[in-house]
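Please model the complete structure; the sequences and the hints are all you need to start from.
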Amino acid sequence: MKFLRIVVVLSLISLLASACVTRKKKGEVSGIKKFYHNTTSYYNGYFNANELVHETVLAMEQSYKDNYSRVLPVFPYNALPTVESHKPNLDKAIEKLSVDLTLHKVARWADDCYLLLSKAQYYKKDYETAENSYRFLLETYNPYRNKTSLKKIKAKTAKQKKEEAADRKKELKEKAEAKAKAREKAKKEALKQKKKAAKDRKKGIKTSKPAVPTEKNTKTVVEDNIETPKPVKAKSTKEITNEGNWLVKHTPAYWEALIWSGKNLIERGKYYEAERLFQDAEKDPLTPTKLKSELYASKADLYIKSKKDEMAIQALQQAISVTKKKKKKARYAYIVGQLYQKQKNFAASQEAFNQCLHFKPDYYMEFHALLSKSVNESELGGSQTDIASQLQKMLKESKNEEFFSEIYHYLALISLKNNQTADAINYLNQSLQSPQITNDLKAENYYLLANHFFDQENFVQAKYYYDSTLSFIPKNDERRKDVSLLVANLSEIAKNTEVIVLQDSLIRMSQLPVKEKRALAIQMKNANKPKLAEIPGPSGKKFPRLGNRVDDIGAWAESGLNNINEQNEKNNSGSGKQSTFFAYDIRATNRGRSEFQQSWGNRLLEDNWRRSNKTSFNIAEEVKSGVETTENQDSLEADLAQILNALPDTPEELREANQKIEEAMYLLGLNYRDKIHAYQKSKDALTALLKRYPESVHKADALYILYLNCMDLNDAGCANSYADQIKREFPDTRYGKSLMDPEYSKSLSIRKDSIAEDYKMAFENYSKSNYALAYEQLQSLQSKMKGSHPLQAKIALLTALCVGSTQGKDVYINSLRDVVANYPSTPEETKAKEILRFLKGDKDAFVEVTNLTENSAKFTAEDNVLHFITIQLYNPSSKDEQNIKLSISDYNVKYHKSDNLKMSTVQLDIDDNNPVYLIRKFESKDAAMNYYRNVIKRELEYINGFTNYEIYVISQNNYREVLKSKSFKEYKPFFDKNYSIKKPE
154 MKFLRIVVVL SLISLLASAC VTRKKKGEVS GIKKFYHNTT SYYNGYFNAN
204 ELVHETVLAM EQSYKDNYSR VLPVFPYNAL PTVESHKPNL DKAIEKLSVD
254 LTLHKVARWA DDCYLLLSKA QYYKKDYETA ENSYRFLLET YNPYRNKTSL
304 KKIKAKTAKQ KKEEAADRKK ELKEKAEAKA KAREKAKKEA LKQKKKAAKD
354 RKKGIKTSKP AVPTEKNTKT VVEDNIETPK PVKAKSTKEI TNEGNWLVKH
404 TPAYWEALIW SGKNLIERGK YYEAERLFQD AEKDPLTPTK LKSELYASKA
454 DLYIKSKKDE MAIQALQQAI SVTKKKKKKA RYAYIVGQLY QKQKNFAASQ
504 EAFNQCLHFK PDYYMEFHAL LSKSVNESEL GGSQTDIASQ LQKMLKESKN
554 EEFFSEIYHY LALISLKNNQ TADAINYLNQ SLQSPQITND LKAENYYLLA
604 NHFFDQENFV QAKYYYDSTL SFIPKNDERR KDVSLLVANL SEIAKNTEVI
654 VLQDSLIRMS QLPVKEKRAL AIQMKNANKP KLAEIPGPSG KKFPRLGNRV
704 DDIGAWAESG LNNINEQNEK NNSGSGKQST FFAYDIRATN RGRSEFQQSW
754 GNRLLEDNWR RSNKTSFNIA EEVKSGVETT ENQDSLEADL AQILNALPDT
804 PEELREANQK IEEAMYLLGL NYRDKIHAYQ KSKDALTALL KRYPESVHKA
854 DALYILYLNC MDLNDAGCAN SYADQIKREF PDTRYGKSLM DPEYSKSLSI
904 RKDSIAEDYK MAFENYSKSN YALAYEQLQS LQSKMKGSHP LQAKIALLTA
954 LCVGSTQGKD VYINSLRDVV ANYPSTPEET KAKEILRFLK GDKDAFVEVT
1004 NLTENSAKFT AEDNVLHFIT IQLYNPSSKD EQNIKLSISD YNVKYHKSDN
1054 LKMSTVQLDI DDNNPVYLIR KFESKDAAMN YYRNVIKREL EYINGFTNYE
1104 IYVISQNNYR EVLKSKSFKE YKPFFDKNYS IKKPE
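According to this note's numbering, the residues represented by the sequence shown are 154 to 1138, in order.
None of these hints come from the bench; they were simulated from the model.
There may be inaccurate statements among the hints.
No farther apart than 25 Å at their CA atoms in a straight line, the calculated lysine to any residue pairs in the SDA-like style are these [what the hints assert, rightly or not]: (1) 1130 - 975; (2) 1038 - 1066; (3) 423 - 437; (4) 277 - 425; (5) 570 - 500; (6) 595 - 663; (7) 986 - 1071; (8) 986 - 968; (9) 1011 - 624.
Label-pair distances were calculated between CB atoms; the ranges are [as the list claims (entries may be wrong)]: (10) 967 - 1129: 42 to 48 Å; (11) 238 - 579: 50 to 56 Å; (12) 1011 - 1055: 42 to 48 Å; (13) 1086 - 208: 50 to 56 Å; (14) 628 - 1071: 43 to 49 Å.
Glycine is no exception: its CB is placed at the ideal position from the N, C-alpha and C atoms.
If you want it as structure tokens, here you go:
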């Protein structure tokens, strides 16, 4: 019985205890487990990943070399053009953090792990992925939305503000009540004194005049009677921490994520969104003070990239005031100096560079700060001689040897400022010849030279210097796009100028006697031996080209022809001073020959001709020497024959050369006007054309362009003269009609305007998905157009897009091919090709490819080297691949059996199902192109039943570049320019 009582009591106690146990929420862990997760998460995954990221960032900063001729980047690790070598460490850190987050979701370090993971993606330049990571972090770990933290934070923000407002209101109320009481008391006191004085007068007691309660007295009384309120203690905002104990505090990653998310948005070009995040972080009173430096530096980076220099300066000055590390302070101060220099505020710039030097920067920054100060002194009116002598003195110090290129560059800047262009060009060339020069400084020097020659209207020289600039300027440089455009615009000008100079020189050479032709050819060969390269001559002949520039092309002809012409003139006229060159004095050479024979006899022209005993020389060497002499003579004769064969000797060849000159002169005048708006240059070129070829086939066009040039040059007399000539000689042309009948021009404008309006309506219907209606309008529009119209290509592309939305894929592809075939070298052709590639399965079809000149920099046009044929397939099935391999093999056996072609498969990117078939090898470009042309003609026989592929001809060296980039994306523009042929319809 006793035992039963004990059992019952224990049962009741256990039941009661179980009823009192607090149930944990789903996913919540006990204190011991939470301690385990917190400790393991921080000291295992997070710590190791953080070390990896930290070391990687240090390595990135060390590998970046500042270009002091441009505004320095606020964050050096962002300025690296590529981070491929650093990706393995960052990927390893991302992997560790991912594992950490998977195993320790409940740890309080989870937000830090997400932040570090997002940073690693940001350092990898994977900005799109990083943006998504930051967005997830800000939404998931926002302490203002976290219920457990809400009470703490709201109490420190909204509630605290209400309490402070209530305290201020209460204080004002107490002051008002005190004033009212004091005023009432003063009135009562005054009334009491008045009554007492009246009683004293009745009794005959002399009393003093009662004091009038003045404003001053009243104020004093009031102030004396007001009780001073107790000062309200300012409620300090403590640093908010995540849930945890008092021993291990932890700051949420939310505010740091705000800043870094903004930095990532800057790289994505989303400046407005980035600025909003920075403003949120700056206004939030809970943002930790230690993050202020990163915040202001990030704002400065935003304003520099969005070209708001004044705001960038303010942000950098704020960053300097809160940053502790002197190295960073020096960098920010140097950037401030550069920005002030950019604004032409040289006095403020000088102060900023002085501030930079005050922070003791490294030697490189200190040196460039001193150089920048010398430029400021020059702009502020300092003695140019003294400044230049200081820089020249630096050149004499051996410790500055690695900076010689920079010193010469700054000397050039000072010379340009003083309009000493010859000295500036000399200094820039010396800078370029310095062995320590960097690619960045090469780009700056070439850019300055190109701009100088462009300003001097020496457009050919400018073009080649812009070419050189493009070879060295970084891809992320904001000037690269403008330089690329200038190169493209000046290329035609340089090309046509070269044609004129070359063909004119060839014609002049062809008119010389045979003996003088040979002499000039020898002179040309000896003078330009290292520069020989073949270029096409008349009627398909090959002519040795002497370098890449007009100076090289014309140098041999100008100097040699002038010498020979001068000699002929002197010989023919019989007057003037005779040439001192012995070969032109027949009597002197004959006299010299006879004197030699009298002394030495009739000797052969050979080495060691004065030796009486030549038997000591090795017979093998003599034989070898004789063979070499014979070979050299044969080589010389072959070269001379090649040169002389290129001259236009027949009337047909002379006519062809003149036609080339005529065409080039017209295009030169047209390009001067259209490409670079050099109206005077255009006028000069076209005037020379009509003077040399009065009956030119381009006469009507040239006269009208001359008329427009005169109008743009505000020369009314010149314009009227050309207008009258057009009316007189070409009244039936559109130029004559428009000049004689203003209504004709109006009718053309009205027709063009109506077409533009109809196209606009069709485009609006297409945008609203009314594809059928848009297609009908476009068909009607095409029937209206007669002749050429600027909108033809756009109308054709929009028609193809409507077809794609209404008539299916096959018809869509055919329509796009029509656009490509009918409108070459237009933006619409490019867009149509992109859509075709996308339809074939190329997922990168719409990825923006930079200017052709930029992407072609790493690819080289090579003719007489090994070439391959590559076929890239897009998303083929296994069955498709087998069928395609068999089809290509059968084709090669049928048409190229004797070529011994081999086929292999390459996978450029293992993540894509886009295999590449490599067919090799072809000995030259011509052999590969012959194969390619035949494939295009027999495309259905080559690959039947599968259309999602691209064929490329590629040299061995360029193929290696494609393998490095793992894509044909950048090679395609180069291929289109150098290899592509029009496919048969």
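Hint-by-hint comparison with the structure:
no.	hint	result
1	1130 - 975	holds (17 Å)
2	1038 - 1066	holds (16 Å)
3	423 - 437	holds (22 Å)
4	277 - 425	holds (23 Å)
5	570 - 500	holds (17 Å)
6	595 - 663	violated (41 Å)
7	986 - 1071	holds (23 Å)
8	986 - 968	holds (11 Å)
9	1011 - 624	holds (9 Å)
10	967 - 1129: 42 to 48 Å	violated (20 Å)
11	238 - 579: 50 to 56 Å	violated (39 Å)
12	1011 - 1055: 42 to 48 Å	violated (27 Å)
13	1086 - 208: 50 to 56 Å	holds (54 Å)
14	628 - 1071: 43 to 49 Å	violated (29 Å)
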